[in-house]
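Letter by letter, the sequence shown follows residues 1 to 306 of this note's numbering.
Be a bit skeptical, because a hint or two may be false.
Below 30 Å or equal to it, Euclidean Cα-Cα: the simulated BS3-like pairs (lysine-lysine) are [unchecked claim]: (1) Lys180 to Lys198; (2) Lys63 to Lys136; (3) Lys180 to Lys63; (4) Lys136 to Lys180.
Label pairs and their in silico Cβ distance ranges [to be verified]: (5) Gly18 to Asn42: 16 to 22 Å; (6) Lys129 to Ala281: 48 to 54 Å; (7) Gly12 to Gly253: 51 to 57 Å; (8) Thr216 to Gly137: 29 to 35 Å; (9) Ala170 to Lys129: 21 to 27 Å; (10) Gln249 to Arg177: 35 to 41 Å; (11) Asp112 to Ala194: 26 to 32 Å; (12) Gly137 to Ala182: 24 to 30 Å; (13) Lys129 to Leu107: 19 to 25 Å; (14) Arg177 to Ala231: 25 to 31 Å; (15) Gly235 to Ala194: 53 to 59 Å; (16) Gly12 to Glu174: 32 to 38 Å; (17) Ala241 to Gly18: 53 to 59 Å; (18) Thr266 to Ala231: 18 to 24 Å.
No lab work stands behind these hints, which were simulated from the structure alone.
Because the structure is a prediction, the values reported are computed rather than measured.
Ideal placement from N, C-alpha and C gives every residue a C-beta, glycine not left out.
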Amino acid sequence: MSALEMAVEVEGLTKSFGSVQALRGLDLTVPTGQVTGFLGPNGSGKSTTIRILLGLLRADGGKATVLGGDPWADPVHLHRSISYVPGDVTLWPNLTGGEAIDILARLSGPLDPARRRLMLDRFELDPTKKARAYSKGNRQKVALVAALASDADLLLLDEPTSGLDPIMEAAFTESIREVKAAGRSVLLSSHIFAEVEKLADRVTIIREGVTVEAGTIAQLRHLTRSQVTIAVDTGAARLAALPGVHDLQVLDGHVTFAVDDAELPTVLAAVASLRPRSIVANPPSLEELFLRHYGDELAALNEVDR
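Let's have the full structure, built from the sequences with the hints guiding it.
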C-alpha cells in the first residue's frame with residue numbers, strides 16, 4: 001500500500017467541450033484508506049472528473065494527482081493500481097464472464113484466486129456463460145467482481161450498483177467495507193443516497209462542475225437541520241419563537257419542526273419542559289443535503305412535467 005495521505009487530489013480542475021464548460025474549478029480529495037462519496041446529478045461533471053482521473057481525458061486546467069502521479073502523463077503505470085467500474089458495463093460478447101473478469105482484473109495487478117471465488121459466490125454470478133447472454137445486472141457484476149478481486153490500491157466506482165437488486169447491493173456494501181478495512185481507497189459516485197451514507201467517510205457534492213460542499217458526514221449534517229416530531233398536549237406554539245426553530249406545524253396532538261443543529265440542545269430542553277409523550281429527532285440524510293443544492297432544479301423539472 002502507498003504511504004500517501006491522499007489517494008486522489010484535485011484542485012481547480014477545468015474542462016470544456018466546445019462551448020460547454022463541464023468542470024469549472026472543481027476540488028476533490030480522496031484520503032488513503034477511506035471511502036469518499038461523490039454526489040451530483042447528471043451533467044454535474046462527475047463522470048468527466050473520473051475520466052480525467054483515469055487518464056482518458058486531459059484537463060484544460062487545474063491539477064489532478066492519482067496515487068501521487070499524473071493520470072494523463074503516466075496512465076499505464078497508475079492503472080496497475082486502479083480498478084474502475086462504470087455505471088453501464090460493456091463486455092466482449094463472445095467471452096465468458098470468467099474470461100472477462102480475468103482480463104479486467106489483470107489490468108490492475110495480480111488477481112487473488114481465492115477472492116475471485118469469494119466474489120463470484122457473493123454476487124451469485126455464473127462465470128461460464130457468454131457475456132452476450134448476461135443481463136445488465138450480470139454485466140455489472142462482472143466488472144464488480146474484477147475490481148473487488150484485484151489488489152488495486154484505488155477503486156474508482158461510477159454508479160457501480162446500477163442494475164443490481166437489493167440483495168446484490170448488500171453484497172456490494174459488504175465488499176466495500178472489506179476494501180476499506182484492507183486500507184484501500186474508494187471514490188464512490190452514486191445517486192443512491194443511502195448507499196453513500198452507509199459507506200462514505202467523506203462526501204463531496206458538486207453542481208455544474210463546481211464543488212459546493214465537502215466534508216465528513218458529520219460535518220455536512222452540521223450545516224443542515226434536524227427534523228423533530230413530538231407528541232404534546234399544550235404549549236407547542238411557544239416553540240416557534242425559539243432561535244433555530246423552523247416550519248413548526250401542529251396536527252392532531254403531534255408537532256413537527258426543523259431545528260438548526262447548533263440550537264438543538266436548547267430546543268430539546270424547552271421541549272422537555274412541555275412533558276412530551278414522545279419525541280423523535282432525526283438527523284438530516286444525505287438526500288436532504290443533496291436537495292438543498294438541487295431543490296430548485298427539481299422544482300423546475302416538476303413544473304415542466306405538469
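Query raised in the report: Between Gln249 and Arg177, is the Cβ distance one that fits in 35 to 41 Å?
Result: Since Gln249 and Arg177 have Cβ atoms about 39 Å apart, the given range 35 to 41 Å holds.
Query raised in the report: Within 19 to 25 Å or not, the Cβ separation of Lys129 and Leu107?
Result: 22 Å, holds
Query raised in the report: Between Lys180 and Lys198, does the CA-CA distance stay at or below 30 Å?
Result: Measuring from Cα to Cα gives roughly 13 Å; hence the hint holds.
Requested in this report: Look at the Cβ atoms of Lys129 and Ala281 and judge whether their distance stays inside 48 to 54 Å.
Outcome: 50 Å, holds
Report task. For Gly137 and Ala182, compare the CB-CB distance with the range 24 to 30 Å and indicate the outcome. Result -> About 26 Å separates the Cβ atoms of Gly137 and Ala182, which means 24 to 30 Å holds.
Query raised in the report: When you take the CB atoms of Gly12 and Glu174, is the distance between them in 32 to 38 Å?
Result: 37 Å, holds
Query raised in the report: Under the criterion that the straight-line Cα-Cα distance not exceed 30 Å, is the pair Lys136, Lys180 satisfied?
Result: Roughly 27 Å separates the two Cα atoms, so the pair holds.
Query raised in the report: Quick one, are Lys63 and Lys136 close enough, alpha carbons at most 30 Å?
Result: Violated, at about 35 Å.
Requested in this report: Just tell me: holds or violated, for the beta carbon distance of Arg177 and Ala231 against 25 to 31 Å?
Outcome: 37 Å, violated
Requested in this report: Just tell me: holds or violated, for the beta carbon distance of Gly235 and Ala194 against 53 to 59 Å?
Outcome: 36 Å, violated
Requested in this report: Just tell me: holds or violated, for the beta carbon distance of Gly18 and Asn42 against 16 to 22 Å?
Outcome: At 19 Å between Cβs, range holds.
Query raised in the report: So does Thr216 sit 29 to 35 Å from Gly137, Cβ to Cβ?
Result: For Thr216 and Gly137 the Cβ distance comes to about 32 Å; the hint holds.
In summary, the structure is inconsistent with hints 2, 14 and 15 from the numbered list given earlier, while agreeing with the others.
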